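Residue numbers (UniProt numbering), protein chains in the order written: chain A, 1 to 182; chain B, 1 to 182.
Just so you know, these hints were derived from the structure itself, not from any lab. None of these values were measured; they are calculated from a predicted model. Don't take each hint at face value.
Which copy is meant is left open, because identical chains are indistinguishable; a pair holds if it fits in one copy or across any two.
Claimed, not checked - Okay, derived cross-link-like pairs now, DSS-like style, lysine-lysine, Cα gap no bigger than 30 Å in a straight line: (1) K63 with K164; (2) K63 with K109; (3) K69 with K179; (4) K171 with K109; (5) K74 with K179; (6) K164 with K109; (7) K171 with K69; (8) K63 with K179; (9) K79 with K69; (10) K179 with K164.
2 protein chains.
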Amino acid sequence: MEDHQDAQTAENDTEEFKAQAAGEPAAASADELQERVQALTAQSEEYMQRLARSQADFDNFRKRTIREKEELGKYASSKLISELLPVIDNFGRALETSPEGEGSESFVKGVQMIHRQFENVLLAEGLTAMETIGQPFNPEFHQAVMTVESDEYEEGIVVEELQKGYLLKDKVLRPAMVKVSG
Amino acid sequence: MEDHQDAQTAENDTEEFKAQAAGEPAAASADELQERVQALTAQSEEYMQRLARSQADFDNFRKRTIREKEELGKYASSKLISELLPVIDNFGRALETSPEGEGSESFVKGVQMIHRQFENVLLAEGLTAMETIGQPFNPEFHQAVMTVESDEYEEGIVVEELQKGYLLKDKVLRPAMVKVSG
Chain A
1 MEDHQDAQTA ENDTEEFKAQ AAGEPAAASA DELQERVQAL TAQSEEYMQR LARSQADFDN
61 FRKRTIREKE ELGKYASSKL ISELLPVIDN FGRALETSPE GEGSESFVKG VQMIHRQFEN
121 VLLAEGLTAM ETIGQPFNPE FHQAVMTVES DEYEEGIVVE ELQKGYLLKD KVLRPAMVKV
181 SG
Chain B
1 MEDHQDAQTA ENDTEEFKAQ AAGEPAAASA DELQERVQAL TAQSEEYMQR LARSQADFDN
61 FRKRTIREKE ELGKYASSKL ISELLPVIDN FGRALETSPE GEGSESFVKG VQMIHRQFEN
121 VLLAEGLTAM ETIGQPFNPE FHQAVMTVES DEYEEGIVVE ELQKGYLLKD KVLRPAMVKV
181 SG
């Protein structure tokens with residue numbers, strides 16, 4: 001908007017110069033012409049600078065747009081995957097307590113297959129579960145909900161995972177909820 | 001790139017004009033000055049036009065970018081949801097044949113709950129299953145894999161659904177695979 005107004009002002013200015021240049025050619029003295037040459041030179045230079053600035057702004061905007069689109073593309077499904085994490089959590093929990101009777105065998109197998117298929121789609125999208133147990137506690141990846149005594153581990157080590165943490169490509173999508181040795 | 005070169009050429013031109021204007025002020029005749037005034041006026045006008053064009057291009061690019069980003073945002077999860085459709089298909093099929101024994105009751109309930117939770121996440125994202133049976137066949141929404149005789153329906157009506165079709169917001173994400181009365 002502002003730029004457009006500039007361009008219009010520019011147009012008016014030039015009309016004025018043209019009128020001066022064409023209006024009374026014989027009557028203008030050398031001094032007057034000299035002044036016009038100087039004014040027009042300044043005017044021309046100003047436009048040239050505005051043009052260069054406008055093009056530089058355009059270039060920067062274009063570059064920023066490309067970067068933003070790449071970023072958008074890379075994490076396009078980030079929100080949806082976040083919302084699917086509770087489904088994955090429940091799926092994993094349900095399969096931990098699947099029945100073992102003969103009547104339910106093929107159903108359980110079917111559900112296990114769907115679970116794997118589901119995980120593979122998300123894996124292909126760049127989702128990975130964090131390895132936590134035995135790792136040093138790191139607030140970037142872990143959310144400590146409790147400190148516990150441990151004979152096995154020294155202080156500040158993740159000893160139990162209460163909820164899985166996930167990375168989407170190189171970003172933490174959800175930190176792992178863990179217990180830490182204290 | 002091209003624009004940048006323009007701006008550099010512009011700079012050189014102006015330097016030349018400045019040299020002319022400042023170089024030999026006393027020696028220049030009125031005719032020579034008049035010529036310079038005309039040349040500078042033309043030069044100035046050209047820059048003004050290039051500036052207006054550059055700003056108009058920038059404006060158009062900015063508007064297009066906004067539209068493209070809106071589109072990207074609206075259908076950001078389209079690819080992932082497409083890939084999840086086979087998971088949904090299998091989920092639905094598995095639940096059609098869930099066992100009824102007492103030992104598996106709570107497991108089946110759990111899986112049903114996960115299925116609903118999964119569907120609700122996708123529903124919130126804008127995914128809807130098409131209603132097909134009894135509808136006139138429409139190649140925009142339906143993929144006819146077979147024509148069958150029907151006493152119940154007149155010709156060209158969807159009589160059976162072999163695979164669910166889905167819309168994401170206002171776009172067909174996957175057409176329904178159907179049998180049509182012939």
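Results of checking the hints against the structure:
{"no.": "1", "hint": "K63 with K164", "verdict": "neither (38 Å within a copy, 42 Å between copies)"}
{"no.": "2", "hint": "K63 with K109", "verdict": "neither (51 Å within a copy, 52 Å between copies)"}
{"no.": "3", "hint": "K69 with K179", "verdict": "neither (39 Å within a copy, 41 Å between copies)"}
{"no.": "4", "hint": "K171 with K109", "verdict": "neither (33 Å within a copy, 34 Å between copies)"}
{"no.": "5", "hint": "K74 with K179", "verdict": "neither (32 Å within a copy, 39 Å between copies)"}
{"no.": "6", "hint": "K164 with K109", "verdict": "both (23 Å within a copy, 23 Å between copies)"}
{"no.": "7", "hint": "K171 with K69", "verdict": "both (17 Å within a copy, 22 Å between copies)"}
{"no.": "8", "hint": "K63 with K179", "verdict": "neither (45 Å within a copy, 50 Å between copies)"}
{"no.": "9", "hint": "K79 with K69", "verdict": "both (16 Å within a copy, 16 Å between copies)"}
{"no.": "10", "hint": "K179 with K164", "verdict": "within (12 Å within a copy, 44 Å between copies)"}
Going through the hint list in order, the structure does not satisfy hints 1, 2, 3, 4, 5, 8.
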